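Starting from the known structure of chain A, fit chain B onto it as the hints suggest.
First to last, the protein sequences are chains A and B. Mapping the first sequence onto the UniProt record's numbering, position 32 (from 1) lands on 32, and the numbers just tick up by one. Mapping the second sequence onto the UniProt record's numbering, position 543 (from 1) lands on 543, and the numbers just tick up by one.
Just so you know, the hints here were simulated from the structure itself, not pulled from any lab data. Bear in mind that the values here come from a model prediction, so they are computed numbers and not experimental data. The reader is advised that the hints may include incorrect statements.
[Stated by the list, open to error] Label-pair restraints from in silico Cβ distances:
#1 A/A241 / B/G151: 52 to 62 Å
#2 A/V136 / B/S282: 17 to 27 Å
#3 A/F158 / B/S411: 27 to 37 Å
Built from N, CA and C at the ideal position, the CB exists for glycine as well.
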Amino acid sequence: MSGSTLTKDKPAPTPRTGTANPFVAITQNLRESGIYIAFVVVVVLFAILTDGLSLSPGNITNIVLQYSYVLVLAIGMLIVIVAGHIDLSVGSVVALTGAVSAQLVIGSSQPWWVGVLAALGVGLVIGAWQGFWVAVVGIPAFIVTLAGMLLFRGLTFFVLNNVSLSPFPQQYGKIATGFSNGLIGGNGYDAFTLLIAVLAVVAFAVSQVRTRIVKIRYQQVVDAMPLFVLKIVAVAAVVMAFAWQLANSRGLPYVLVILAVLILTYSMVMKSSVFGRQVYAIGGNLAAAQLSGVNVRRVNFWIFVNMGFLAAVAGVIFSSRSNGAQPSAGNSFELDAIAAAFIGGAAVTGGVGKIQGAMIGGLLVGVISNGMQLLGVDQSLQSVIKGLVLLLAVAFDVFNKRRSGVR
Amino acid sequence: MTENTRATGAENILEMRSITKTFPGVKALSEVSLSVRRGEVHAICGENGAGKSTLMKVLSGVYPHGTYEGEIHFDGKLSTFSGIVDSEKAGIAIIHQELALVPYLSVAENLFLGNEIKGRGGLIDWNRTNGEASKLLARVGLAENPTTPIGQLGVGKQQLVEIAKALSKDVKLLILDEPTAALNDNDSAHLLDLLRQLREEGMTSIMISHKLNEIEAISDAVTIIRDGQTIETLDMRADAVTEDRIIRGMVGRDLDSRYPERESRPGEEILRIEDWTVGHASQDRLVVDHASLNVRAGEVVGIAGLMGAGRTELAMSVFGRSYGRYLGGRLYLHGKPVQARSVREAIKVGLAYATEDRKKFGLNLIDDIKRNVSAAALGKLATGGFVDANEEIKVAEDSKRSMNIKAPTVSALTGKLSGGNQQKVVLSKWIFSDPEVLILDEPTRGIDVGAKYEIYTIINRLVAAGKAVIVISSELPELLGICDRIYTLSAGRITGQLPIEQASQESLMVLMTKGGGLTTEPDPHPTTPSGDDLPPSGDDLTPQERTA
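Just chain A, same shape as in the assembly (with noise of 0.2 Å):
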């Protein structure tokens, strides 16, 4: 350990600045980044194997709305297997609410937002009632949401009279494949997409510079200078790129505001709330926790709460993506959310991930699925490259865990 060296670090004037080399800076801490790298290799892989294609307007703003719902899931996934717990029962969650609104919308002709919040009031119920039986009665989650993709699905094999529903009225399915396109203009390209963009790069620089001012006066150690301003660069360059694709497709989908709004908090409650604090101690170690003074049931009650919550999220957005609720739908989707958390890095024991890892990870699944489907691969040899990928990113997990000594 280079223990001796830092630990003389008086506290100085001038910054304490890490390591200069951004390649240096990537591979100190391979666990972190490998998904990363991994994310880049994947997506220049398939763009150069479909010509470019991959990276075409239509493709980007293609996995956006097809993996959407995915990544709302995720979200909720990674904080239940943060906590140490598993839930089986999003699929049957998202048929269920996107059931609950057709039905009510469709079957009923209420206007659209009833049928959205009555989704979400079911997802939050679903979430009270799996909460309840994990946090209170004390029943592994594994069993109690296995129990509840059972009885979701019936619910909405019940809801639906066995039979789909469709379809929505305009401004339902406006919500998982609409635009917001021409605002204020452009030539040949959303230019409201480019200010929207914009905007969020200049939000990002200006928050990362003020954690930086803040880092120094704490005397902690910062990036060093050009280190810094490459990484602002690098997400400047990318999200605009991004964005330019975007406005030179069909705007700005609302899917994806709903996402990066989600994406942002669900970020910030993890790495700095309480909440989210607590959800990292209970998952790395129960007792100690409960020592600690920290609520355990009450924690665990509210992280499946937010789980239907997330699912109705989820469950809107497939129903308005699909037009219409069938009683098959979201079928693994369990599985995918899971499979992106663990791909992002979070452990198999719980305590540990991220959920801009488990974003990376549900993107990695998106991009190969996709690129895949571009280069027109086998369905069947898919599933099999989308297991591989799963088992290797949690081997590579497994691997580094034991190189670095822990556990």
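Relative to the frame of chain A, chain B by itself:
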């Protein structure tokens, strides 16, 4: 420095010569030599991290031949073990601190695990298995039924089963790593008796231990290792070796005092417990019976008691009823009655409890120092439900400095720290929660002499700042060294309190055994409590207390 004057030659069953083992960046062992005579009990002691375990791993082939420098001669032959299988074949058996037993399998199944006695057709011959098992058990003085699931035996008996397992493999050298660390006094005595008996039968044993009184009682020779080097080998028979002599070798300096000086100046009473009564978590009996005690500002109060007396149970129950069933009793802070029905409430009224098992109940080992330090008082760092990460780092860095936590940064994982540093993180956590009363349960268990001294210094600092400290400890000298006043607990009842001037090991022991403390009904079936009000996995009893 090295006074290895003992005769070498044929009578030595083991000769390790100039063993050097390096890991990337660290020299774990440097020219270590160890010679063990046939038929002796040879103790190895040294501070945590001195290299004892590494040396034993070299010996047993965990680090295969070729990954270290130096020579090992065992039983007259040059040993080139390439794995633990080779060393076992040669007759070396290691019994680790963490027992390698399968709790749901029977004693016999565990004894012959991986070495099953097969009958016709390759199926297990259960009659012979159980018969052989009984014979092996008898050899280590156990009269258990070989078909009993091993999880139902106490830790002490499990330890003996492990030894029996080693004996079944025709072992010539038995290595025991901290064999009594998890045992109560009775079981420890029993184990030492067994070692004596095996010695009479001609067995050679190496014992790694922190318990100097045991080393003094049983070993024929002791080798002291410090910083990866052999310091000396003392002949326990020839030289008049005292505990202080061994400590001097271990720490490399004379500990004028093992306990830092402190001026006792108790102030007003802070905490008073009256008639505290607690029922066992799953059985219909009392573990704490109308216990009353108090502690004043600036005072260190000890609680002495034998294993099973209910010390941890009392402390945990007071701390937000974290143990068992609360059946009655009152808490007063500054003379005012208070409620502490949950850990949260307990922290709020100003209590803190640092557990005796820091790995299981004290720390989140996969998280870093700063988050462990803030865990019990996260609210202090939060505004609007969000934690100020910068303040958190500052708090942790302050703790790291004032507690002398040895780690590269506060972002280091607590799981990688040594026992002493982990304990300092636990103490930091509770000090940050800014309690008025700290209950420290075995605060120096399993940490080395130097770190112990630091912990005592921290305790002194706390009482100097006007806090009240309650220390629970199994080591009477420790209580005598740091307390102002000592309560004795026996069978759940407070049997006396002695001001430090009147307390001695003898006087305490008399009170600790009063009222049948020694004959307390043991708990042979550790239960796993469920629900949120209890930490999981048999915590209602410490490992020691689970033993018969």
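Okay, the hints, checked on the actual structure:
1. A/A241 / B/G151: 52 to 62 Å: At roughly 60 Å between Cβ atoms, B/G151 and A/A241 fall inside 52 to 62 Å, so the hint holds.
2. A/V136 / B/S282: 17 to 27 Å: Hint holds: Cβ distance 20 Å, inside 17 to 27 Å.
3. A/F158 / B/S411: 27 to 37 Å: Given range 27 to 37 Å: violated, Cβ gap about 52 Å.
Comparing the model with each numbered hint stated earlier shows that hint 3 is the single one that does not hold.
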